[in-house]
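Now for the letters of each chain:
There are 4 protein chains.
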Amino acid sequence: MMTKNKIREAALIDRRTIRVRFSEVDSMQVVWHGEYIRYFEDGRESFGNHYDGLKYIDFYNNGYMAPMVEVTCQYKQPLTFGEDAIIETRYIKSPAAKIMFDYTIYRASDNTVAATGSSVQVFINSQTRELELSNPQFYLDWKQRWIK
Amino acid sequence: MMTKNKIREAALIDRRTIRVRFSEVDSMQVVWHGEYIRYFEDGRESFGNHYDGLKYIDFYNNGYMAPMVEVTCQYKQPLTFGEDAIIETRYIKSPAAKIMFDYTIYRASDNTVAATGSSVQVFINSQTRELELSNPQFYLDWKQRWIK
Amino acid sequence: MMTKNKIREAALIDRRTIRVRFSEVDSMQVVWHGEYIRYFEDGRESFGNHYDGLKYIDFYNNGYMAPMVEVTCQYKQPLTFGEDAIIETRYIKSPAAKIMFDYTIYRASDNTVAATGSSVQVFINSQTRELELSNPQFYLDWKQRWIK
Amino acid sequence: MMTKNKIREAALIDRRTIRVRFSEVDSMQVVWHGEYIRYFEDGRESFGNHYDGLKYIDFYNNGYMAPMVEVTCQYKQPLTFGEDAIIETRYIKSPAAKIMFDYTIYRASDNTVAATGSSVQVFINSQTRELELSNPQFYLDWKQRWIK
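Protein chains in written order, with this note's numbering: chain D, 1 to 148; chain R, 1 to 148; chain Y, 1 to 148; chain V, 1 to 148.
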């Protein structure tokens, strides 16, 4: 009999703490909603450092770029200048030639959720700028390495 | 007999042309995906100028702020430095105490769709920062004025 | 006898009006000081459209880039959300292989000076990224055309 | 007899490492020149954490704001996506009712200077928004504490 733990695959998650900058705060004294898109990017970058082989330079060296095709953000609680936030970036498994992440941003002081979000990227050939319909080999290798 | 034109309610739509700035373009030579959130804000601002009574100052003068609770963006075609884009901002009717818009961003040169998106804002009391569960009077007045 | 008008060379000046965006305003309710660097860039872009032949694409097509080597900004009066500002961009003549501008940003409503500034750019070869010590031919041609 | 070491007063310096973000890089593949103004702000914030009593909240709690009146930046070497940079923030002593800093930004990998800069802030009363011509008491206390 399979246990729940066995069934549930280990998730690939990265957590990174950032501090809210003055220039990110708007006239309502809270982080401007557009800045969260940058926080998500910080999260992906940190994820790529954590799970080696999925950094921007890895895409580049293999002849690919990974432009964004969709991003969403749901705002729950405001963040204010100077406070710490935790960006949690969770890899979403899929057989498609896409890279998908979910995000949760926590206020560090009390762990309340400040925002959630998602992103979907595709692969394009750096030279031709054509969409890649199948998974690039380097990405399949990365999956093989990190996803049991 | 009702005609199609009569049945279909007039949509509230604003169109504004912007030019892509150098600082908005990323190392892939296209507008960085996060900048579209700013374009949507430009669209809302232009909408508020067009349909008088829904500008930031109107919220402020009536004791409300309208923070974002959700934003989404779907990227279709890249925009490059120096080209003109048209931000189309469409008001979504709803009885809820929310302000909802859909966006379509067109490349001006050929009218292809560069991106689509959506946003949802709620009302909070400027003083208490509490969520308003019912529509503020000034917003009901604005609806009365502009939505037949 | 030379008249004053003859002696004083015509200055190359561009004026462009912009409207302050919500996302440019900080928690002190005024435009964040770093945004003025973007306004200066808007000014240069507008200048390049006005005095044809000095646009980014002209540099690019001639094999050059013009990175910034110095920028300064002096802040005089704050600008607030939604107000119009005039960016005045003034070309500074020099025999050096540099592009120099002075800027004055005015509050449109009363013509008070909000900020002044300056910038210096040099030429580098797009391929080698080496500094050009003498003026590129296309720039000499541009000077010939616009500076009497 | 006074030694050189005794004569030379200890400088107040803070060093902070940041990593260049994708969104900070422009289409020339290097950090967009305007982003350095944000790096300087990161430097001031880090300085205020290091030399306690000169944080934004300290100004705020004492009824002051410290708007920028001048900023300069000299660009020496480009920074690229993903590399680490060290922001060195040096406090400039002055009897005037001003806060002055010099900045040096180093590429972390080889300690070459990427940029230098300076900033001058003044004090204004948070309520009246009037300029303070003399040093606020809390600032005199901070100087007393940190500057021997």
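Because the hints were derived from the structure by calculation, they are not lab data.
Check before you lean on any hint, since a few could be wrong.
Since the list gives no way to pick out one identical chain from another, each pair is judged satisfied if it fits inside one copy or across any two copies.
Below, simulated BS3-like cross-link-like pairs (lysine-lysine); rule was C-alpha separation at most 27 Å, straight line [claimed, not checked]: (1) Lys55 with Lys76; (2) Lys55 with Lys98; (3) Lys76 with Lys93; (4) Lys148 with Lys98.
Verification of the hints:
no., hint, in the structure
1, Lys55 with Lys76, "between (29 Å within a copy, 24 Å between copies)"
2, Lys55 with Lys98, "within (15 Å within a copy, 37 Å between copies)"
3, Lys76 with Lys93, "both (26 Å within a copy, 23 Å between copies)"
4, Lys148 with Lys98, "within (18 Å within a copy, 44 Å between copies)"
Of the numbered hints listed earlier, not one is contradicted by the structure.
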